[in-house]
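Visitor: Residues per chain, in single letters:
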Amino acid sequence: MRYLSYILALLAGAALSLEGAIYGELGKTIGQLETSFYNFFMGSIIIGLLWLFFGKGELSYTVEAPKWTLLGGVLGVLYLTSIVISVPFVGVGITMVAVIIGQLVMSMIIEHYGWLGSKRSRINKEKIFAVISMIIALILVN
Amino acid sequence: MDILMILFTLFGGITLSAQSAVNGTFSRKAGTFETTLLTFLTGSMFLAILILFFGQGNLLAILEVPKWQLSAVFLGVLFLLFIVTAVPRIGVIATNITVIIGQLVIGVVIDNFGWFNSLVIPLDWKRSVALLFMIIALYFIYKGNKRSNEETNSQHF
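Protein sequences, first through last, are from chains L and D. For the first sequence, the residue numbers in the working numbering are 1 to 142. For the second sequence, the residue numbers in the working numbering are 1 to 157.
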């Protein structure tokens with residue numbers, strides 16, 4: 001099951017890249033905010049159907065859950081919008097590097113302190129090596 | 001101005017990892033499909049308001065663009081479904097690093113073949129070495145994660 005989760009996360013990253021490349025084209029025709037809206041709106045319809053047939057959880061938990069756990073959608077929009085705004089100023093390359101560094105450092109801090117309900121997992125040598133290797137890879141790609 | 005933009009984008013990366021942590025927590029009680037549905041629904045509500053005030057494009061042009069450009073929405077749904085599944089099992093940082101690796105590998109492939117009208121950037125030695133470092137990073141994150149899990153477990157018992 002652990003291996004499967006790593007494979008799913010790899011596929012998720014692949015999907016994000018393909019999505020970015022395709023939406024870049026769509027954004028030229030209909031506008032960037034409109035592209036994000038299309039993604040979230042059509043996405044709601046697709047996942048709504050999937051949920052009707054395959055959902056086994058409890059959607060009604062939404063009303064009882066602590067309010068901060070409902071912020072996922074808004075955070076996603078902030079991410080997309082910040083990228084859309086900065087690409088014309090600094091280019092795709094630097095934008096992606098900045099996003100990834102923010103993502104890496106923040107996920108380490110979140111997990112180190114067990115924030116936002118995540119399982120607490122301390123920073124260790126291996127994790128720091130992993131981040132250093134990622135930064136080297138980022139420099140080489142650009 | 002550029003420095004400000006880079007800081008702004010750093011903040012974008014921060015929101016992305018915060019999102020994966022928040023969604024992972026919510027999905028433990030509500031379920032994978034339910035979490036994804038809620039994220040998409042609240043995201044469209046928020047964007048609907050943004051578009052009303054700041055939208056300068058033409059949403060109706062969606063009827064005229066080539067259909068393949070619209071197919072990306074399936075990828076968007078898959079992305080979120082996979083993230084929500086992975087975070088409760090392997091944690092925030094392992095999920096995020098693995099996502100980034102998948103993202104960079106496909107990015108390099110897209111550039112190499114110039115798919116979707118993108119600029120053609122061939123896979124040279126620098127990019128091959130970069131791929132190697134990503135594999136090393138993946139190895140370290142897997143090991144580091146295993147070690148901190150073992151430490152947490154031994155503290156409990």
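Check before you lean on any hint, since a few could be wrong.
Straight-line alpha carbon distances no greater than 25 angstroms define the calculated DMTMM-like cross-link-like pairs of lysine to aspartate or glutamate that follow [said to hold, decoys possible]:
| no. | chain 1 | residue 1 | chain 2 | residue 2 |
| --- | --- | --- | --- | --- |
| 1 | L | K28 | D | E150 |
| 2 | D | K126 | D | D111 |
| 3 | D | K143 | L | E64 |
| 4 | D | K146 | L | E126 |
Covered, in the sense of this in silico footprint (three residues per stretch, anywhere, with C-beta under 8 angstroms from a C-beta of chain L), are these stretches of chain D [to be verified]:
| no. | segment |
| --- | --- |
| 5 | 52–66 |
| 6 | 83–93 |
| 7 | 108–119 |
Which bits of chain L does chain D cover? Going by a derived footprint, with three or more residues having C-beta under 8 angstroms, they are [as the list claims (entries may be wrong)]:
| no. | segment |
| --- | --- |
| 8 | 39–51 |
| 9 | 54–68 |
Calculated directly from the structure, the hints in this document are not laboratory data. Quick reminder that beta carbons are idealized off the backbone N, C-alpha and C, glycines included.
Visitor: Can you list which hints this structure breaks, lowest number first?
Guide: Of the numbered hints, 1 and 3 do not hold.
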